[in-house]
Amino acid sequence: MGDILALLFNTAVFGAALRMATPLIFAALGGIFSERSGVVNIALEGMMLMGAFTAMFVSHQTGMPWLGVLGAILAGLLVGLLHAVFCIHYRANQVVVGTAINIFAGGLTVFLLRYYFGAAGTSPSVATIPDITIPLISQIPWIGRIIGRQNPLVYLALIAVVVAHIVIYRTSWGLRLRAVGEHPRAADTVGVNVFRMRYLAVALSGALAGLGGTYLSIAHLSRFSEGMTAGRGFIALAAVIFGKWTPYGALGACLFFGYADALQMRLQDIGIPTQFMNMLPYVLTMVALAGFIGKSVGPKASGQPYIKG
Amino acid sequence: MQSRLKTIRWQGIATPLVAVFLALLVGAGFILFVGENPLTAYRILFMESLGSVRNIATTLQRATPLMFTGLAVAFAYRAGLFNIGAEGQLYMGAFAAAWVGFTFTALPRLIHLPLAILAGMIGGALWGAIPGFLKAKLGIHEVINTIMLNFIALYLTDWLATGPFHGGSWVPETARVSASAALARLYPPTRLSSGIYLALLAALIAYLILWKTKQGYELRAVGLNPQAAEYGGINVAKNTIIAMAISGALAGLAGTEQILGLHQRFIVRFSADLGFMGVAVALLGKNHPVGVLLAAILFGALQTGSAAMDRLTSVPRELITIIQALIIFFVAADYLIRRILRMKEEA
Amino acid sequence: MDTVLEMRSITKQFPRVLANDQVDFDLRHGEIHALVGENGSGKSTLMNILYGLYQSDGGEIIVRGQKVDINEPRVAIDLKIGMVFQHFMLVEPLTVAENIVLGSELRKGPFLDTKRAIQEVEELSQKYGLRIDPKAKIADLSVGLQQRVEILKALYRGAEILILDEPTAVLTPQEVEDLFKVLRALRAQGTSIVFITHKIKEVLSLSDRVSVLRRGKKIGTKATSETNEQDLAEMMVGRVVLFNVEKKPAEPGEDVLYLDRLSVKDQFGQVKVKEVELGVRSGEVLGIAGVEGNGQSELVEAIAGLRKTAGGRVFLNGQDITDWSPLKIKEAGFGYVPEDRHRRGLVLDYSVADNLILGFHGKKPHVRGGVWRDDKAIEENAEKLIEEYDIRPPVASQPARSLSGGNQQKIVVGREFTQDPSLLICAQPTRGVDVGAIEFIHKQVIAQRDRGAAVLLVSAELDEILSLSDRIAVMYNGQIVSVMSREEVTEHKLGFLMLGGRLEDYRAGEVNGHAE
Chain Y
3 MGDILALLFN
13 TAVFGAALRM
23 ATPLIFAALG
33 GIFSERSGVV
43 NIALEGMMLM
53 GAFTAMFVSH
63 QTGMPWLGVL
73 GAILAGLLVG
83 LLHAVFCIHY
93 RANQVVVGTA
103 INIFAGGLTV
113 FLLRYYFGAA
123 GTSPSVATIP
133 DITIPLISQI
143 PWIGRIIGRQ
153 NPLVYLALIA
163 VVVAHIVIYR
173 TSWGLRLRAV
183 GEHPRAADTV
193 GVNVFRMRYL
203 AVALSGALAG
213 LGGTYLSIAH
223 LSRFSEGMTA
233 GRGFIALAAV
243 IFGKWTPYGA
253 LGACLFFGYA
263 DALQMRLQDI
273 GIPTQFMNML
283 PYVLTMVALA
293 GFIGKSVGPK
303 ASGQPYIKG
Chain B
577 MQSRLKTIRW
587 QGIATPLVAV
597 FLALLVGAGF
607 ILFVGENPLT
617 AYRILFMESL
627 GSVRNIATTL
637 QRATPLMFTG
647 LAVAFAYRAG
657 LFNIGAEGQL
667 YMGAFAAAWV
677 GFTFTALPRL
687 IHLPLAILAG
697 MIGGALWGAI
707 PGFLKAKLGI
717 HEVINTIMLN
727 FIALYLTDWL
737 ATGPFHGGSW
747 VPETARVSAS
757 AALARLYPPT
767 RLSSGIYLAL
777 LAALIAYLIL
787 WKTKQGYELR
797 AVGLNPQAAE
807 YGGINVAKNT
817 IIAMAISGAL
827 AGLAGTEQIL
837 GLHQRFIVRF
847 SADLGFMGVA
857 VALLGKNHPV
867 GVLLAAILFG
877 ALQTGSAAMD
887 RLTSVPRELI
897 TIIQALIIFF
907 VAADYLIRRI
917 LRMKEEA
Chain P
34 MDTVLEMRSI
44 TKQFPRVLAN
54 DQVDFDLRHG
64 EIHALVGENG
74 SGKSTLMNIL
84 YGLYQSDGGE
94 IIVRGQKVDI
104 NEPRVAIDLK
114 IGMVFQHFML
124 VEPLTVAENI
134 VLGSELRKGP
144 FLDTKRAIQE
154 VEELSQKYGL
164 RIDPKAKIAD
174 LSVGLQQRVE
184 ILKALYRGAE
194 ILILDEPTAV
204 LTPQEVEDLF
214 KVLRALRAQG
224 TSIVFITHKI
234 KEVLSLSDRV
244 SVLRRGKKIG
254 TKATSETNEQ
264 DLAEMMVGRV
274 VLFNVEKKPA
284 EPGEDVLYLD
294 RLSVKDQFGQ
304 VKVKEVELGV
314 RSGEVLGIAG
324 VEGNGQSELV
334 EAIAGLRKTA
344 GGRVFLNGQD
354 ITDWSPLKIK
364 EAGFGYVPED
374 RHRRGLVLDY
384 SVADNLILGF
394 HGKKPHVRGG
404 VWRDDKAIEE
414 NAEKLIEEYD
424 IRPPVASQPA
434 RSLSGGNQQK
444 IVVGREFTQD
454 PSLLICAQPT
464 RGVDVGAIEF
474 IHKQVIAQRD
484 RGAAVLLVSA
494 ELDEILSLSD
504 RIAVMYNGQI
514 VSVMSREEVT
524 EHKLGFLMLG
534 GRLEDYRAGE
544 VNGHAE
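Residue numbers (this note's numbering), protein chains in the order written: chain Y, 3 to 311; chain B, 577 to 923; chain P, 34 to 549.
Next comes chain Y alone, as it looks inside the complex (with noise of 0.2 Å):
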């Protein structure tokens, strides 16, 4: 029983969960924005293998991992861009257009692999962006352990998610993006602009799980491979709903999902098998949909393209 307790409660433990935790964090930030402005995101599976690419690539080819995590969150500024202009323009099903984007980014990604590196399914190993050591904090006992020496993107990730918190709720913009993924039309007789509140908002949701993708090929890693999402982009989507579409829902869920990452290992020491941790978040986000904890309700207006007029 000791020991359990002590594996649960252990520092290493909790460190791996945050960096685990790490790229789940930006993706379901991205996932929030998205939603709140009345976009399904189902791709953020996609945009995050973007991001881990286009940052080892940058990453490779500069030397300067920085400019990596600059490249990453472009190329998902690009590819939330393609959605926007596919679910908000063409109005086409923002779950056809997610699944085409997944699909495509699995592609394309691959087929730079192997153009640029070639055959193998995994990059050479690249220029990462080095862990810091936070003066003060690495000095508190447990805590310290925790928290104290960590990845610049993982005390980003955790900034991101104060920042969002206060975009959402403290700013004007924040207001209208609640708006409009909610009663977009009720907002448009306002005069706020519903698709370039759309825009935008789905535009910064590709930016940020491009960014979660970084963490994952240059800071978690040296390299990209092969679909090294590995479903993460889903996890993060559980984890906007298992956070009821809130930046601090969305941390917490994203922090106990990292958590039961981060202990599987351990745990199939003493005979839980590691798959069922893996399917944890997905089947607690179905129990929070279905209503047993509280029930997950999304922006209304969510899924439905805006009409005018």
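These are computed hints drawn from the structure, not numbers from a lab. Hints may contain errors.
Calculated lysine to aspartate or glutamate pairs in the EDC-like style (CA-CA distance at most 20 Å, straight line) [unchecked claim]:
id : chain 1 : residue 1 : chain 2 : residue 2
1  : B       : 862       : P       : 382
2  : Y       : 302       : P       : 125
3  : Y       : 246       : P       : 125
4  : B       : 788       : P       : 408
5  : B       : 814       : P       : 408
Sample of chain P residues lacking proximity to chain B, with all beta carbon distances greater than 12 Å (derived) [to be verified]:
id : residue
6  : 91
7  : 98
8  : 100
9  : 113
10 : 157
11 : 176
12 : 191
13 : 216
14 : 220
15 : 222
16 : 234
17 : 294
18 : 325
19 : 399
20 : 514
We treat Cβ as the ideally placed atom computed from N, Cα and C, and that holds for glycine.
Starting from the structure of chain Y, add chains B and P where the hints point.
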């Protein structure tokens, strides 16, 4: 009036063709990007997929699972449901078929094979019925639930095949299914299995259900106008569950065919997006069984040819994945064009 | 008094209707101008054009002497025009203050100045006597309070011209009184108000002037003091052109349908039908007259099993069918022409033949062995009904979508009538139908009556009610106000009752009218 109808019908066939053409055109850009001649690459693609009986057999083998998943997505779509959970239903069906295949080894082939196929259908049907039930009874949209169930099925079968039913080797797979449950190979050395007949039969049955039965009348009415269906005494909730169960059974058959025909054991994560490709196949095939068969063959051909293109030129075979995605984009954008046409008609 | 707004010769063409036909309208400073007319007369369209939600196809708008081009709401807001919509434009999860400032937020840098917003909303609500908690969530407010938020939204934007689209439709009588007090106070402070309604009593008690629209055309504008209920009713309803339907006197039998204190709620939980008691006998047409939205739709849907009842019972041929499934009710001998054929009555993408079996698709001869469609029988059924009901073009395989409104309606009528139901409900049976088809459908309704069916006819068209019914019930505000035999009824009296007048007052009005 008659000629306009003909125009609309013609557009129904023309738009997928245009979408494919545009996708190949953009694909040519990618080929140029890697410094190859698009015409050369496409010729190889064509010859290596359809240029000989053997290549055609391989193409059909690749097309078989896509026929099933395409039918699955199309069938649900006809009832107004978006099943992007074919991937998960496929895994559940596959495992159920494999389990029957390696467990009841003493059965004669005449019983064993049909039983394994039936198990595959039931596995997929039950997995599909879950989101159908949640939609019918709690009003939860099927898209999120089917996505979640995809991953749950993936990990569940992963655990089953590496845990309780692990085959014993170092590979993550179950034991082999006994020969009495295996689908026959039709054209060795290609791996085309008699599953293709099953796919053609499934298309025929899907067609018959949808257009020749009372049940199909109800399903399509629910898909086209649920309020009118309700007015017509049709139980919308019941039909939602039925549609998802049948759709799931079709996806389950895709897995069944892959297990009993191709792999002859359950291999963890064997699918490689066959379920998601079903969305593309259904969309391109205009959600009609015949269209689905043709679209699946096209995708099968692209995949078959891509291996040779990869080998003989410097174009990576993932070009085909890109083209498949582009086809979805163009077909999806076509909805806009059709909506404009329809609006004009109403005015 | 100065004119603050003039709309000249406004025309708006929708795909199938001319919603506004060269309408003139003007509004004076500090007046309440009532804009009245039946549903579909073009009132809301005119005001949506003024607010920039629709673009007119012709005409011009002059605000405070300036010709303006209002192509989006933003422009209207800048011109100090505010609108309170019938379906509130409020974002439910947001607070009162957030809804009020949305689009014109008070900011400190990029941040919302929530404190000042709450303060300003409080000040505003005090100034106009519209008490509200700025921090409350919209979803937690009553309908009356939500409307208050809508008015505050407009005032917050400095609206000097305030449009209210059927503001009383959703309010309780007490809330209506409160609203009127507020509007009178606003008028006293110089706000010019357009008040859209179809309730004549409201017009008389509130407005300074009144304009009447009918079928997209302006009928006239009068000072309220120079008009009266009868006068307005006539302007709204117009001269009734009676269709000439030949029919024998009815020979009614027993009650086929009997409603025992039936109550029904709408999807928002509001009671729309209040303890209605009504019987319809075999061999008669009972017409329910009433302005739309007074509970007729909910009443009919509850009988058909498409809406759960909230109290009372429904009896069909003596059998309690309350809350049965639509299929079971149908099989008990019920035919139903729904008010909206596109939404309910037809699957537009189905062929004419398939639409002609909707609801009977599981019965012989359309199905063999309970499973298989009998295409030949379905085709024969279609050929027969196409011929009998003169559906054009006579092509069974054509999608219903491609037929004209009249022919689409004949599909529904043919399908329902041919089953010889003992109870037949026809809701707005000739809406959007050409004159030839109207006559045809009317004849068929009478034929059903003569066959012995009990026919319940719901229509917003007075002439239809008058020419087909043997007895007439008037529905107002969820209740049946009176049931009269056809002979007792005049169009005039009916119009008066439909608009919320009471039978006693009508008689008094008649006496006065003669005395003058």
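Discussion item. If you test the structure against every hint from before, which numbers come out violated?
Written reply: Going through the list in order, the structure violates hints 5, 19 and respects the others.
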